[in-house]
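Below are the chains, spelled out letter by letter.
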Amino acid sequence: MKRIVSIALLMAGAALLSGCPKKHNVNEPPAAGTQVPGTSSSDSASTSTRALDDAANQANGMANATGVLARRVIYFDFDKSEIKPEFADLVAAHARNLTSHPGMKMKLEGNTDERGTREYNIGLGERRAQAVRRALLLQGVAESQLSTVSFGAERPAVEGDDEAAWAKNRRVELVYGP
Amino acid sequence: MNRHVSKVVMLGILLFCSRVRAELVVEITKGQADAIPIAIVPFSPPDAAPGSFDVAQLVGEDLARSGRFRTTDRKDMIEQPHAGAAISFDDWRRLNNDYIVVGQVQPAGVDRYNITFELYNVLNHQRLLGYQISANKPGLRLASHQVADMVFEKILGIRGAFATRIAYISVLGVLPHKSFRLIVADADGENPHVVMESNEPLMSPAWSPDGQSLAYVSFESRLPSVYVQLLKTGERRRVSAQAGVNQAPAWSPDGKKLALTLSTRDGNLDIYVLDLATQALTRITDDPGIDTEPQWSKDGQNLYFTSDRAGGPQIYRVGTQVGDKPRRLTFQGSYNARPRLSPDESQLAFVTQEDGGYRIATMDLRGRGDTQVLTKGHFDVSPSYAPNGAEIIYASRDKGRGVLALVSADGRVQERLVSSEGELQEPAWAPF
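Listed in order, the protein sequences are those of chains H and P.
Counting in the working numbering, the first sequence runs from 5 upward without gaps.
Counting in the working numbering, the second sequence runs from 4 upward without gaps.
Hints are supplied without guarantee of correctness; some may be wrong.
Unchecked claim - Each computed DSSO-like pair below joins lysine-lysine, with the alpha-carbon atoms no more than 30 Å apart:
| hint | chain 1 | residue 1 | chain 2 | residue 2 |
| --- | --- | --- | --- | --- |
| 1 | H | K172 | P | K402 |
| 2 | P | K78 | P | K181 |
| 3 | P | K78 | H | K84 |
| 4 | P | K301 | H | K84 |
| 5 | H | K172 | P | K379 |
| 6 | P | K33 | P | K379 |
| 7 | P | K301 | P | K328 |
| 8 | H | K172 | P | K181 |
| 9 | H | K109 | P | K181 |
| 10 | P | K181 | H | K84 |
| 11 | P | K379 | H | K84 |
Calculated directly from the structure, the hints in this document are not laboratory data.
From just these sequences and the hints, can you work out the full model?
See below:
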């Protein structure tokens, strides 16, 4: 064991002497259900959004929502940010839910497929999130209940470089949370 | 207890210097037919360098990778001179070499080596270069790139960029458990180091003009923020965390400001300039369309950017003086985005859509604005010029995987950098 330690020390010394650039690491193990968007300011805050959403939705009694309220993804056509008619009932149901629970908040996460440039896709994702936000505002939801974020093409729902995958990635996710 | 100590120390190594094992391998996919034949003779004595570090091998790889040189196979060398006086020029001419490099690596004290090398014109026996470079063991790789830089510049009249670095993003893992790494490596992909790692997306690395810092976008708080990180110490600063979008950082030529993309409450993306010392924000564009992907001109007077104000994304230029009206630069095709200026500002590289694919194109800024599509992929994005302007590194796709690729600025030479792991994206070539 002693030998291992001394080798390790030597290696550590070599690593320090070689002047490598320091790195930051925010891969702390997720503290399940405790992280909340907007309140995590330290570098250690990093869990997957999916876990967070479940936790947040549970906190709001939304985890077991059934029927149309259980549907929380709106899909878009290529290069489009118009909400298609088939999602009208979904938007209306969530608008009713939010207006009847004024304390409830929702984050709208805009996403694109992988095609195109990364930063322009951030713009397209934001435009989609804003389209859903406007639709909810028109149906009486308060501005203070809604926030948006765009992940562009950085957080696909499914992998793949065909239209089937792309169609599932051009989306806005409706995320209930505090 | 001992076990505990060893774990702590090992962790220290990982944090202070996590070299990535996945190094990049270069494959030349399209060479230049009139590449210059050159012989890089193995330096003597071959076992003088620690770990038998082969300087000549690295010099040859650099020159061959540029596509502008064709190196003579060692098997075809009938003799291996180590100094000019020992070269039988007629023999090397018979092997069709235009140039020859000979040299030696000699120990010069504790952890010190002297690399001596000479470059000769085989046809007229003229000695073109004769230099000695001193290096310690970790410096031998850099010294070899410097030898290649000098040979490249002497023969072509273009400053070599082999001794430079690149930054890129590597994405590991499968959905929904991905991890994102910001990596800095030598220009040939060797020596990669992780400078930032997160479970949330990292985007848009941008080198400061002095090459000391990187600006980038991190979603580590689940919202986008722009950070500036000093590479030497790892010290970093969150410079923009406005409500909404914080994206696409671009350093001003004097390194004192960042152009950024920010959004209003209703999600309208516009370009702003952030003074890093005072935190003062100046709005540059004001249009309901998406304005993003800014890049400065060398005099700091103009910003090139992407805007879809006319429908689809096109490239515009606007003065950094408040109130200047943007001027549209691209008119061919329905998708032209993410402009990058060549170092001499004679060319603009950008992403264009052609035959349903996204490809790297250039536009001549000095003549009539001729455009040339340089690549043939379907997902070619994120172009970044080498600091000498000779090559463009970009993100591409190979068999469904994200890879980095290189194309010469004239489109004649193409290469792929293949990593053994991770999806690679968003390469950014460091300044000299």
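Do the hints match the structure? See the list:
Taking the CA atoms of H:K172 and P:K402, the gap is near 21 Å; set against the 30 Å cutoff, the hint holds. Simply put, P:K78 and P:K181 have alpha-carbon atoms about 46 Å apart, too far for the 30 Å limit, and the pair is violated. For the hint pairing P:K78 with H:K84, the CA-to-CA distance comes to about 59 Å; that exceeds 30 Å, so the pair is violated. Taking the CA atoms of P:K301 and H:K84, the gap is near 36 Å; set against the 30 Å cutoff, the hint is violated.
Annotation: proposed proximity of H:K172 to P:K379 holds, straight-line Cα distance about 26 Å (limit 30 Å). This hinted pair checks out: P:K33 and P:K379 have alpha carbons roughly 12 Å apart, not beyond 30 Å. For the suggested pair P:K301 and P:K328, the alpha carbons sit about 19 Å apart, so the restraint of at most 30 Å is met. For a cut-off of 30 Å, the pair hint linking H:K172 to P:K181 stands: about 18 Å separates their Cα positions.
Between H:K109 and P:K181, the direct Cα distance comes to roughly 27 Å. Compliance with the 30 Å bound is thereby established for this hinted pair. Taking the CA atoms of P:K181 and H:K84, the gap is near 27 Å; set against the 30 Å cutoff, the hint holds. The hinted pair formed by P:K379 and H:K84 meets the criterion: a straight-line CA distance of about 26 Å does not exceed 30 Å.
When the structure is compared with the earlier hints, violations turn up for hints 2, 3 and 4 and for no others.
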